[in-house]
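For chain A, the structure is supplied; the task is to place chain B on it using the hints.
The primary structure of each chain is shown beneath.
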Amino acid sequence: MKKIATLILSLGLSLVAMAQNATLKGVVLDSANQPVIGAFVVEQGTSNGTMTGVDGDFSLTTRRGANVEISCIGYVSQVIVNDGAQNLVVILADDAEMLEETVVIGYGVQKKSVVTASISSVTEEDLKVQSQTRVDNMLQGMTSGVQVTQNSGAPGASSTVVIRGISSINHASPLYIVDGMPAGSIDYINPNDIERIDVLKDAASAAVYGARASDGVVLVTTKSGKEGKTVVNYDFSYGIQNPWRKPAVLNATEYAIMMNEGMLNAGNAPIYDDPYSLGQGTDWVEAVFDKNAPIMKHDLNISGGNSRINYSVSGGYLSSKGTIGGRFDQSYYDRMTLRENVGITLFDKSEERNWLNKLTFSNQISFAHIKSASISANSEYGSPLGSALGMSPLDPIYADAAEEERYKSLYPAGYPYIIRNSEGVAYFIADGGTYNEQANPIAMLDRPHAYTSTDKIVAGLNTELQLFDGLKFRNSLTLDLSYVYSHSYTTQYFLTSKSYSLDTVTSTTTYDAKGNPSTVEKTNYGSSATQSMNRYYSYQVENTLVYDKAFGKHFLNVVLGQSAYMSSNSYVGASSRGLMYPDDPWKISVDNTLGKQTDGDRNGWGRWNSIPYSILSYFGRVSYNYDERFLAQATLRRDASSHFGPNNKWGTFPSFSLGWNLKNENFLKYNNVISIAKIRASWGINGKDNLADFLYAVYAQSGNNYIFGSGANGTESVNTGVKASGLANPNAKWEESIQTDFGVDLGLWGNRFTATVDFYIKDASGMLMEMQVPSYAGDSAPTGNVGTMRNTGVEFDLGYRNNIGDFNFGVRFNASYNRNKLTKLADDATYITTSSHKIGTLTRGDVGEVFPYFWGWKTNGVFQNWDEVNSYVNAEGNLIQPNAQPGDFRWVDVNNDGKITDADRTKLGKGIPDWTYGLTLTMDWKGFDFSMLLQGQLGAQTLNVTRRTDLYYINLPKTILNRWTGEGSTNEYPRFAFDSANENYRMSDYWMEDASFLRARNIQLGYTLPVNLTKKAFISRLRVYAQVENAFTLTKYSGCDPEVSGGFKEVGVDRGVYPQSRTVTFGINLTF
Amino acid sequence: MKKIFIALTAVAVLLSACSKDFINPRHNSSEPLDEYFNTPERLFQCLVAAYDPLEWYDYAFGQYDNLHLIFDVMGDDVYAGGSNEGDQPLIVKTHYYTATANDVCNQFWTVNYSGINRAATLIKYIDGAEGVTDATKNLYIAEAKVLMAYYYNMLWKLWGNIPYWEELLEAPYIAEQLKHDDVYARFIKLIEDAIDLKVLPMKAAGGNEGRVTLAMAYMLYTEAVLYQNDQSRYQTALNYMKEIINSGQYALVSDFAGIWEESGEWCAESIWEINYTSEGGIRDWGNSIAAGGQVNSILTGIPAPKNVPDYHEGWGFGTIAKSAYDMYADDDIRKDGGILNFAKYAESHPGAEYTPRWQDTGYWNLKYIAREGGNHGYLASDNLNYGNNERIYRYAETLLNAAELSVLLNQDGSSYLQQVRDRANCHDTGVSREDIIQERHKEFVGEGKRYWDLVRSGLASSVLKAANHEYRTVDWTENKKYWPIPQGEIDKDPAIEQNNY
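From first to last, the protein sequence lines stand for chains A and B. Sequential numbering of the first sequence, starting at 288, is according to the working numbering. Sequential numbering of the second sequence, starting at 297, is according to the working numbering.
Bound conformation, chain B alone:
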């Protein structure tokens, strides 16, 4: 009897003793993040995750806001399209400059801050892994900083005055909203820091295509400097452009149309692309942020085509304005190399036709069109797994940047401009900044560059007038420069000041 009593007491004591483990069970499928990034392989996984949001733009959280499409519909070359005004209303409202705090492409906001969060995560955990050389660490830091700057650059261009943070936020997860000039001052510094680490390669190769390179950092830097009209950094930017040019690692390719084929990905002209793959593509309706193919091609493809062997059916968004096609001389290789003139196509393809939808023009963005076989090897949805990479920076832009910066610095950069014209078979001769902006217009139709060029050069308020547009009723004005901040963010952080859109 006494033994029983002792045994029972022992049970009680034992239980209290092991209580700490008892109420702190271990996770059986994951590890605390603080302990996870402890090997070189795992640190690399952290870096990969920082790149991941790049491929969400086209179809994250149910919004089809492909980068070039959403930027171009604000300009003068591209229409919203689709079946009607109510089809993808966010694209239409962006197109019409009628976005509101409740109806704005807010996924850009979320995607970019997700990227910033992950870049900051890498920087936080960079010292946790053993067996990683300082060179690798610095490389990862440089990549993370440039990525963070890339995400901020987009937020800054779209919204201007945004909450800004570099170190992971902690509860209550509130950051200070900076004015657009201050945002610029902060993220340009991130790029400078990364460049100063002197670890980034000029060009990525051998399976590293898609990672941040020195040339990419230079291009991002220059893009921001030009957008900010930051004269104090013009010379540095020009030097960077010359460095790329003089490196000899990049060149213009002669086949302009070929750039946009799968075989043209990461061609000699390519400085940076967002990578997609159709092969094994697992992007799906319910899995919008999986790494796989892209969604843009189906969006901007030709609706219900018949007797069109080269292109798949699409939904008819992002039609190209006739004026864009007409601005080229007939022998400019960018004319039919970048734009599909369907009527012309039908001449060589008997019986070719399609069902026009809203804002139809007969011209299609050939650069990203849904090509036959473009989704080869897809596993999940055939519609959501086209392999086309999103071309962000091409060497042609390096040359045009160099030309423009030269003009801005009163230096002679006409040879850079001429290289681009020569490749295109373009016979224009002017070398003023306006001429360079026009050359960019021709070079980058459907690549999401035009609108920003108009804004930064001050041409937007005269070019983007409703009177010049077939559908718009609202003029572009200075206050259209920054989108309304999504209402949900203001609800959650009342300190945020709304933009006057």
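Just chain A, same shape as in the assembly:
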């Protein structure tokens, strides 16, 4: 019985045991739905476990209800109760700390938790929310403290990148370091090759690049291969581009009404009897733009590696047509790139000994071929868009037979060379007297086109040798060679009577010594060809020693290094007139011309190694932390630049930074809410060597000639004279940027919420500019360290991400506030830019003001009637504006002297925004992903000076219809008049508009096909997506685009920018 009982019991037990075991089957995926290979699936507290296979699948039998832990390096582990599920999908979240573990800091990487400087990092993951053709555009809206303004909507156009405000009157682009090598032009890099971008914003982080770091440093790291199986990625996209907005101009009826009004206001008879019969007329703006200009990209990347070697090889092709002139091959950008990054471990004996135990090489080679053409833009003088704005809607695009017949007699010499389209139809010729430089923009575009072709090779070799224990020696050599070839030609053409190039014959009469004349006839060719080649060459050699060691709770990292960089440029070019085969573009070259050197028709130039630019540097950096709680870093760099003379060749750039990582303190270590808590402070000096070559010394300058002899006796001759090149300032030294930064990093709820806030004060001192030297010194004033400028700002970077079941989402928001102030200037009249037509001076720089700012007269409404004009009087009772009439602007008498004079000009606004911001939204759900990048600015104005007020009978912007038409009609716009005694169109706030905007830079929707579907075709991942760039822009600006760069000295001046494109793209990402 007892036995039976035992048997039953044991049976029962075994029955229970049988019933309680369960087999768990499933697949482990990452957040991108990629299978996680080699993840451990282990019953907790036992050694019972397995690993996931190539598809992320696993099967594990345990006791039912046991806790099964699924873990993999780089992911947050999960514990699952084995309930015997057969189709379990485990999605491992990326381990935030692992992902953000390191930051590239220049000559090394640093754990983010111990970083004491202000560095913004943008990873490959972050960059996925956009599609850019250039690296400089990629940072737009991505991070705080970096203001990126696209200069143009032209294909391949660069951006103006300003890190923490315009740093100096000599503001320049930030220093781009690509894989350790300073890159002059950045467009050779295929954005698809980029793994991450780190922006060194404060002086402490940039100090290790002491020289040239004062405008900020952007570190670009390209993709390298990872150990594991070979991964092949192929991306393809095709998009169509259209301008997101076209400037609004008057139609024929409106134009005729305005012209009539202009004539009446000038006391003349109207021109058009019945404006309403004229209808719409020609829409020149519509005509000048292309429809659906294509953009296409192919990118292929192969990467992989094993313990000894890793590689990443990629090739890319980009072809983009411009929305203005693209169909005439006047505006396009084609780029081919090849890149190969290889790492080789020559030997690794680190497990055997602690000295000379490891040697690795890494090698990067990239080649880029770029061919591009661009039209003149952002100019009110005869650019295609500028002309399209000005052409009368009454003018047709093409000339009809009668009109063409008219040209024969009107332009007898020009007629054979009027522009015709490919079918031979003549383009309409605008009246030269009316339009000056402007002409039929379509004819302008349908002409021979110039192009530029760039070939660039950058190759680097890095060697790293483990010397002893924590001591490493690193050597890096980089060579950068590029050739820029440009080719342009002009055939004889006749666009208008003001814009043509024709052969002409002139006769020149010369006299011999006795005064006898002789006459020679000469053909001045209207056609010409120019070819030129520039070769840019630079190299850099760097040697660094790195010591990295932990002593108990003390962590020490020391970098000592030396860097030498040199760049030079050689060029050769030729031009000649008189094309032999003007009708065959294939045969166009300088060789095939008729021009003779003796007639001055053929010209050549060239120089070998135009003054080399070199920088020699020594630097050291000590990073120390105690227990990852108290953090400190000090950097010292000494640079010598070829731009400075012996007295001040060297500059010394120190920096210090401190941090306190509160999270690692006992009182926060186990806090479940706060996951990151760090405060930082830094101070440092960066340098700038923005001085022209050899300005520190006096050189011989020829061309200071004088005539001796007598014309009467034939002995007159010009003698060569040589003088000093100018006054020298041998003491010109490095311009400095001194920056103090305070920052806080915060993370909550397992870094679901992160925040970084920085406050900075950045002072430019010793700005290099023309010195205050009296002209009685007898020569041009030298450049010296005069002038100071201050930028103060606050930056916020906020992030939140979470998931609700399968639905993952993330929000990243950044905002930056910057205030710029010119605090000292040598000569405050120096920095004026002027628009040469009637509007006058536009911007200027002054002590105590933002640099640059808009400067002009303030308006205070429009005089509604004569009473208002007559009651605007000064203290003596005299009219303040004696030339005004109703409908004219009432100018503000700023200096209260009872008159409106030049002295009443004042600050009107500025093109530099107070705030720039960016917002990224990402979400995904079961293979669907969606992202949106919003970006914008607040507190900036734009000067809309696209209109040519010096030309009378040209078309006008639609806003002119708001003009004053009688008492009470408007108090903002003056009456329409071609010219007014009151000068209504001089520089005033009338031209200025609010340039705040919010722009949907990119909206993307993608779908990744289920892996089990695609793996049958050996495809591990297939994603299809659609995206819209510039889907919408919210702005009050009436012009083409509120995003106007205008360059550092004319920020926000819109002279007719090439509007940015709205691009609709479809693409696929394939991974094998």
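Misleading hints may appear alongside valid ones.
Said to hold, decoys possible - Heads up, simulated BS3-like pairs for lysine-lysine below, C-alpha to C-alpha not over 27 angstroms straight-line:
{"hint": "1", "chain 1": "B", "residue 1": "Lys389", "chain 2": "A", "residue 2": "Lys1186"}
{"hint": "2", "chain 1": "A", "residue 1": "Lys398", "chain 2": "A", "residue 2": "Lys759"}
{"hint": "3", "chain 1": "A", "residue 1": "Lys936", "chain 2": "B", "residue 2": "Lys316"}
{"hint": "4", "chain 1": "A", "residue 1": "Lys759", "chain 2": "A", "residue 2": "Lys399"}
Please keep in mind that the hints were generated in silico from the structure rather than gathered at the bench.
Positioned in the frame of chain A, the structure of chain B alone reads:
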């Protein structure tokens, strides 16, 4: 492996070793000035550069301040002209004595100091060249000193109290401002030093026309002495004038009108001219200081002429007062030899007319008018490349200086005066200083001499009264003697004291 390590170390060491050359690249299109002037040819280039600013006066830095024009508009013979009061306001303000520190012909300031700088550069580098004889060195030094004095003389006459320096300034490039008497005392010494070197030829010839000569130095010396009314140097000045006269190398030419033709350049009467050439002239709107033609003729030419075969179109500045034309007897060859009476011209040229502009008188400065063919052979702008040299010193002035100094020293110099009158067919007979000043008036209409004669002889405050002038509303007073110093200079050197203009 060890080899690699050694190689890398070697690279590092090598780099540090050659660092000095590395960061001191050589200029590839120019040489440091300190090393440049090392051959006779290059030293001569240095000398040429010191002459270069002479030809800038008429159109440097965008101001059309031709020497004779800008001086004459302050006197009583010449009006500003042009299209209106706003056309070339600096000329008009000079004309009206209403210049201000911000609106003054400040290019004179810059041009003259540029010249001083270059003369000082030559003196600094004179010993750097090998193979240059002491005689040549002394000649160059003498030329440089006289040129420096020439530039200072002009600054001194225009501004009086000016920063004065002779050796190249060094950072911070500040010089002491001297009172006008002290400026005179310093630069007159420069001329004396140059004369004492005894290397300057009495006359330049054979392609050296335009370079400083002894006669030119004497004339400059005398001009300054007379302007300063420096009695202590009258006798020396008179001796210098007699030396020129007795040298026999200069003479009055009989054809007064011919002096102003191209064929009259460096004629027997010419002591010094600023050289211009139209042939191959490269003066241009964007290249105002290139050596080429001059800009004055287009400025003072006849506006929109029709049926005028002898003269080109000009902009109508610098019209000649009727009183100037009327002061001559009809048979004085200087009357129609120096002034174009357009009405008279039209009598012999049917249909000749032009479009009068502001301050038109009908009389034009024939000496520098835009002549037909006057810009022959120009390469750049046809307007900016007339070949007329600027006549600075003529032998007639030598004679008149001698006459005046004689009077001042109570000696008999009437024969010198008579020579000038005889050549001109002038029947005046007085021999007092006032008569000599009047003879100078007749001789030098439109040559930029008259205003200075009025100032130095004390006649200015009575002659240059607004009441005597058709357009002026401001009287000339003693404080109009010195122009306001350009504001920019005071901004940059606050120690400079402004003139009370």
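Each hint, compared with the structure:
1. Lys389/B with Lys1186/A: 22 angstroms, holds
2. Lys398/A with Lys759/A: Holds, at about 18 angstroms.
3. Lys936/A with Lys316/B: 11 angstroms, holds
4. Lys759/A with Lys399/A: Status holds; Cα separation ~22 angstroms.
Hint check: no violations occur; every hint is consistent with the structure.
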